[in-house]
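From first to last, the protein sequence lines stand for chains D and G. Note that my numbering has the first sequence beginning at 19, numbered continuously upward. Note that my numbering has the second sequence beginning at 3, numbered continuously upward.
There could be a bad hint or two in this list.
Claimed, not checked - Partial pick of chain G residues on the chain D-facing surface, computed with a CB cut under 8 Å:
| hint | residue |
| --- | --- |
| 1 | Thr4 |
| 2 | Leu45 |
| 3 | Glu58 |
| 4 | Phe66 |
| 5 | Glu69 |
| 6 | Pro71 |
| 7 | Leu92 |
| 8 | Phe106 |
Hints are computed from structural coordinates only; laboratory data are not their basis. The structure presented is a predicted model; accordingly, all values stated were derived computationally and were not measured. For glycine and all other residues, C-beta sits at the position ideal for the given N, C-alpha and C.
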Amino acid sequence: AQSVAQPEDQVNVAEGNPLTVKCTYSVSGNPYLFWYVQYPNRGLQFLLKYITGDNLVKGSYGFEAEFNKSQTSFHLKKPSALVSDSALYFCAVRDPPMDTGRRALTFGSGTRLQVQP
Amino acid sequence: ETGVTQTPRHLVMGMTNKKSLKCEQHLGHNAMYWYKQSAKKPLELMFVYSLEERVENNSVPSRFSPECPNSSHLFLHLHTLQPEDSALYLCASSLEGALDEQYFGPGTRLTVT
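The shape of chain G in the complex, shown without the other chains (with noise of 0.2 Å):
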């Protein structure tokens, strides 16, 4: 247990759906990250939240909505999302600063049919 959880573990929709990824962290920290994990493939960085300011967006398609109401708190909103979406969505939390290491949570497996 890393302090970092997620819901839904697992997510199955449809490309017409709207869903939402959640994540929270319990250790204090006030950095937030969203990644993308597929199969063969590196880790993606998608959005970066510090101090609940979003800080990096990397080139992620509009169908990806993040959301940080507060530096406990992540979410990632999906709508109209495509089957190559399906994968392996992790969160992460950090102290601001590079020393740091990330601490990520379980992940949300999702599956777009």
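Bound-form chain D, shown alone (with noise of 0.2 Å):
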């Protein structure tokens, strides 16, 4: 079964610094991995996906994410954190198609960034 580990509950960085979230998963075969992004009373908001190709992969409002196929992990990444990123993200992942009974995703317990002005 597919599951999905974010280590930290909440990750505080100063305004202006780099920001990491840390995501870390476990499939079957090779991953499709997400990131989505939570404001306060909003739902989610898809922020970026990785499926193959480039292990860093851009996403929406400046961040990116790095797949590491020997880690297991898909950390995201943002080089200089703004006060209005603070919200909770979510890592998820999805078995590849052959897995056709299994369509949505599996989510992480989701980390929450505060940063600090």
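The two chains are supplied separately, each in an independent frame; assemble them into the complex guided by the hints.
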């Protein structure tokens, strides 16, 4: 069964500093990986995804993520954090299409990012 | 605005009430999902509809009953709920296929008294 772990409940970073939000995964084959962000009282918004190809994926709002197959990780990064980046971040994984019975995503427990001015 | 709308945004209901949550997507997608988001717990997948057919039911109690009349609309009918069912209920949609991300609505905050 596929699973996702986000080891940090909360990450604190000062505005202007680089940020990293960690994610590790477990799947039976090659993974499809996603990052979503949730602002207060809102649904989840798609940030970026890794399907295949370049290990560094660029997404919305200046975020990027690095796929590392040997470490089974997909950490979210941003070179310079903004106060407005403060939100809840979710990593998600989906098994490749051979597993046709499982169409939805498996989400991590979420990491709250707090960017201090 | 993601193109997925949910109504109502907030709902308070007693344990004996019957209510329905509505989701509508304007993205031309053909798969729709219900998720439950509780405090301090990962998102829980409840139901998946693909091409208006239910393809996944994640051991959800029968007091939750989904309905997908067409590819743009998804309902979650609620009856005789329990206080522990209080949560944020999120609807999502996508194109059928593993490569496509899901787009989420803003959610319905449900409180069961």
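Against the structure, the hints come out as follows:
| no. | hint | verdict |
| --- | --- | --- |
| 1 | Thr4 | holds, 7 Å |
| 2 | Leu45 | holds, 4 Å |
| 3 | Glu58 | holds, 7 Å |
| 4 | Phe66 | violated, 16 Å |
| 5 | Glu69 | violated, 18 Å |
| 6 | Pro71 | violated, 20 Å |
| 7 | Leu92 | holds, 6 Å |
| 8 | Phe106 | holds, 4 Å |
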